[in-house]
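Need the complex rebuilt from these two chains, each delivered in its own frame; the hints are there to steer you.
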Amino acid sequence: MLKRLSTAPYLLWSFLLIVVPLVMVLGYSLIRTGPGGPEFSLNGFIKFTDPLYLKVLGLSVWIALQSTVLCLVIGYPLAMIMSGLKPSAQRTTMTMIVLPMWMNFLLRTYAWIPILGRNGLLNGLLATIGIPPLNLLFNEGAVLLGMVYNFLPFMVLPIFTVLIRMDRSVIEAAQDLGANRLHVFWRVTLPLSLPGVVSGVMMVFMPAVSTFVISDLLGGSQVNLVGNLIKDQFLSVYDWNFGASISVVLMALILVSMWILGKTDKNGSGVSFF
Amino acid sequence: MIQVNHLVKVFGEDRVVDDISFHVDSREFMTILGPSGCGKTTTLRMIGGFETPTQGDILFEGKSIIQVPPYERPVNTIFQRYALFTHLNIFENIAFGLRIKKTDENEIKRRVARMLELVNLTGFEKRAVSSLSGGQQQRIAIARALVNEPKVLLLDEPLGALDLKLRKEMQLELKYMQQDLGITFIYVTHDQEEALTMSNRIIVMNHGRIQQTGTPQDIYNEPANAFVADFIGESNLIPGVMKEDYWVEFAGRTFPCLDAGFSQNESVDVVIRPEDIDLVAPGEGLLHGVVDSALFKGVHYEMVVLVDGREWLVHSTDLAPEDSEVGLRITPDDIHIMKKSAAPVHEGAPFKEAGEAAVHA
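If you're matching them up, the sequences are chains A and B in order.
With the numbering used here applied, the first sequence corresponds to residues 1 to 274, in that order.
With the numbering used here applied, the second sequence corresponds to residues 1001 to 1361, in that order.
The set of hints was computed from the structure by calculation and includes no laboratory data.
Be aware that one or more of the hints could be misleading.
Straight-line C-alpha distance at most 30 angstroms; calculated DSSO-like pairs for lysine-lysine [as the list claims (entries may be wrong)]:
1. K1243(B) / K1340(B)
2. K1151(B) / K1101(B)
3. K1175(B) / K1151(B)
4. K1126(B) / K263(A)
5. K1297(B) / K1165(B)
6. K1109(B) / K263(A)
Among chain A residues calculated to face chain B with C-beta under 10 angstroms, some are [claimed, not checked]:
7. S169
8. V170
9. I171
10. Q175
11. D176
12. L177
13. A179
14. N180
15. R181
16. H183
17. R187
18. P191
19. L192
20. L194
Note that CB positions come from ideal geometry on N, CA and C, so glycine has one too.
Bound conformation, chain B alone (with noise of 0.2 angstroms):
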């Protein structure tokens, strides 16, 4: 439905999105991942029309649409602060896009009903906007987008205002419209978890490249990188060496895992997630050390556990106290190996990136 081709913005010296292709197909759910500044909102906005690409091209239904006026494209975009009209009550700004397209008046009230009613506002039309929670507002965003039937929505971290119970509810409620009219969503984001939670596939974008584009299961299990492993999720990022096929040296340890195709003794980066590690008895496991701090989170426990002066992050629903000591089990299918990527990998402090993740999600 949409095609990105080799696309190119330039900012002044900073290429903010740096030769990206990609495709949407219909009624996909399609998430742009990424940090800050890594170029997913300026790709969405060329998307939209609100910028004009540097180079490359955007492909409609195979119809370049780069030389169209956001006012003609297909798209409609929810804007991460709202940007309703503050001069209209609610009622005026869901029918502003068929007011224009000079619609019947009782079509009007229809159709704007029915997206009330849809976004759960009934009874909310002669309301000012300025009267309305963060949420609400949200709300009305979406049903003035999605009262002009777009074929693709555009969606600019629409939820990072809202605070974290309502953006939850809002993520179910988001998907099941989605699912409901059929229609495709491209959304931005720098929350990971939301990403895994609502979308078909992801696009992870980092300094205005694609870092990795799949399903949200291949994005968290094989992250293609050490950017991926360590934004998507929490993670031990561990250099390693590729000792032969299916056998990886790291912790000064061999282990067995189920990689292969690299060359011998090339040097790797090994991801294993901490939810991955079980702990075991002291002298169990290939490797052991000692508690460094535990945390509870609810669900699990979070342990940082020292392994020769190495810090390991373990998830366990078990707690094991500080300053015991524990062996770590860790099974062929828990290590995944990753070409070691261009940009260096922050050696020596591998888990406060992780750390940092965390406190994005």
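Just chain A, same shape as in the assembly (with noise of 0.2 angstroms):
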């Protein structure tokens, strides 16, 4: 009786701030504002089908994954080399990868506008060198960086935890069984780290795909990505049917892709949302 009494606040606090918001953006995408009041309407799903703001989602999760699989070839290798280090070099690397997100998200993005502006740092060291000055600011390459540099993070922690659990005599066995480091790689320390891969790869694509700031900052007025799109709806349109419609497509979206890649963790090892 304590117990269930005890969980009492938990429950009703995810109630107000999880399950609530949830309806209210389902309740807005159904309901619109008519002559006669308010009215069920699809009008807002039906709209997204316009091939103008299908090309914003394609394009949002097109860069999504590009940058999900950067982070993947950037931060294995890296989680790779850090799980090889001493334990004191291991808590130095640790704390270096986290350290950026100790300062303001907005603050950090914000900082690579002058670094990558037209008369920025970058164009300044290539003018030294007789380079004339190149655009790369306000494009997808821009954003593109933006979201590596964010989510790097999230994706080498989870394979470096998996990677330092993994039990070393396993990897003996297979040295032992006749497989050089490479086979040790493909064949069983690849293997065995897919499911800190698979929360990786969530962790990366979930924020990367439904982001506005980066794309605001990064893209100017270049990238419109369907972060951007649910943005201005809500602040600039004022059409909130059609925000909160966009935004259960999105969720819908990103249910599906867990869904999917929770298949692939098949022993379940504690990734897996379903």
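Printed below as a string of structure tokens:
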């Protein structure tokens, strides 16, 4: 009884902050203010099937996928190198990776503007060796950079955690059975670290596909992602019905991709949500 | 087949393996026996290629292998905690080594099936590792190593995690397998009974050094020093003095014995196995005392007899009840004399250690 009572505040909290907003978003996506007051409508969803908007969604998924792959390609070797270090060195590198996260997200993203800008740091350096200024800012590349920069720790940490917990004797057993370093990696280390990869991919893809701050700051008006679209509907256009509809579509998309990823993690090593 | 020469391994300040040399013959079952931390596992890991020796050499069929990486050594290892691949099913676990050697698929199927038959787990091909019991996992680990037809199999306390009954079964199975397949086994254990049961020869190690090498009978009957006597089975370890050849004094009396070659009045350690002491009527025998405790152990009774304040451990199928007076008869061939070891024998409480050894067993 006491146990049930003690969980009540948390249940209430979750209900108020998770369930209620979700229901509200779902509600707004299905109800719009008509001439005669609130009415049920699928208009928001229908409007989203316009190729103009689908292209925005497509671009968002594409950039998010690219940044996830980049994070994986950079993050896996990094996690592997870290897992091979002495514990003291592991702590140092870990701090270095987490350190930027102590800074405000907006601020550390904004910091890329003076670096990449037309009269920025990088172009200044290039000028000294006689290369004319490049357009480094306000394009997809800049947005991609911003995503990889911001989300890389989310890829490194789960992979690193899986790697350091891996039983050394399994790797020794593989070597004992004739596996050289390449064999050990492809046949043992990588498959056994997949749960870490799966949660890393989820933790990068989800914020990447829905961000609007990074595309706002580093993409300027050139890169319009689905996150920007939603933000505009709520804050500029005041079409809450349409904004909520896009949100629901995005949520569904994320849920489906998580489900697919969860399927690949057969052993259910704790990262699957289903 | 394997020759180990002056092998040394230093971890930090610690000489874990301290200048050991031994050889293992082809088809031999060699056991390295010792308490935990004696350097036996490190020795095995150096043979397997997982540790680099600080000094010394390991020869395989006459050629040094210390520069050879583990994946190219002609040995396979059974790890203490099996180290099976949890992401692969049983078939793929066993096939692992063959796949790396790019063996033909039909050949893989044939050999894996044969191995599963050998370890009595036919039909387990598609099972997940996690669905197997400890004993079954152990068998798969053995099959996974043996399928590669190694010339030497290294086993690092392979039965340590199994319960007593299963351990006894697996001891026999391993021994049969070793004889059947004609593979050289180097077996590491802290269990003296396991070592005595299975081995052709035993190396007893302590503090990184070899204390004695010999057949199980040698080690049990003629321990080289107090440590070996104490570690191998339970024993009565009594300080004594060699009066002259074939005469030793201990427990306040002089006994005839079979040992000679000590200097006159040399201090020695005397080992008498508890099962070698005969209980006789009080007054008979050379010693007499009072039974302090008697425990039923199944096959025999384990009695502690107090003789002039010293505890004597006696195993007998006859029960002498507590507080009864008994005589102890010790015949010359029951008395084993050893040179005083450099390490001090635990004066005053020699039987406590023996009791601990019994717990390990």
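Here is what the structure says about each hint:
Taking the CA atoms of K1243(B) and K1340(B), the gap is about 15 angstroms. The hint holds against a cut of 30 angstroms. Between K1151(B) and K1101(B) the alpha-carbon distance is near 16 angstroms, which keeps this suggested pair within the 30 angstroms criterion. The hinted pair formed by K1175(B) and K1151(B) meets the criterion: a straight-line CA distance of about 16 angstroms does not exceed 30 angstroms. As the CA atoms of K1126(B) and K263(A) are separated by approximately 20 angstroms, the hinted pair is consistent with the 30 angstroms bound.
A C-alpha spacing of about 17 angstroms is found between K1297(B) and K1165(B), which places the hinted pair at or below 30 angstroms, so the restraint holds. A threshold of 30 angstroms between alpha carbons decides the hint, and for K1109(B) with K263(A) the separation of about 29 angstroms falls inside it, so the pair holds. Checking S169(A) against chain B by beta carbon gives a least distance of about 4 angstroms; that is within 10 angstroms, so the hint holds. A distance limit of 10 angstroms between C-beta atoms decides the matter here; for V170(A) the minimum to chain B is near 5 angstroms, and the interface restraint holds.
Hint status for I171(A) relative to chain B: holds, with the closest Cβ pair at about 9 angstroms, below 10 angstroms. Interface hint at Q175(A): satisfied, since its Cβ lies 4 angstroms from the closest Cβ of chain B, which is below the 10 angstroms cut-off. A distance limit of 10 angstroms between C-beta atoms decides the matter here; for D176(A) the minimum to chain B is near 5 angstroms, and the interface restraint holds. Restraint check, L177(A) versus chain B: the minimum CB separation of about 4 angstroms is within 10 angstroms; hint holds.
Restraint check, A179(A) versus chain B: the minimum CB separation of about 5 angstroms is within 10 angstroms; hint holds. Taking 10 angstroms as the C-beta cut-off, the interface hint given for N180(A) holds, the closest approach to chain B being about 5 angstroms. With its C-beta approaching chain B no nearer than about 9 angstroms, R181(A) sits inside the 10 angstroms limit, and its interface hint holds. For H183(A), the interface hint holds, the least distance from its beta-carbon to any beta-carbon of chain B being 5 angstroms, beneath 10 angstroms.
The interface hint given for R187(A) holds, since its Cβ lies 7 angstroms from the closest Cβ of chain B, which is under the 10 angstroms cut-off. Taking 10 angstroms as the C-beta cut-off, the interface hint given for P191(A) holds, the closest approach to chain B being about 4 angstroms. Given hint, L192(A) at the interface with chain B, holds; its Cβ is 6 angstroms from that chain's nearest Cβ, closer than 10 angstroms. Because the smallest distance between the Cβ of L194(A) and any Cβ of chain B comes to about 8 angstroms, under 10 angstroms, the interface hint for this residue holds.
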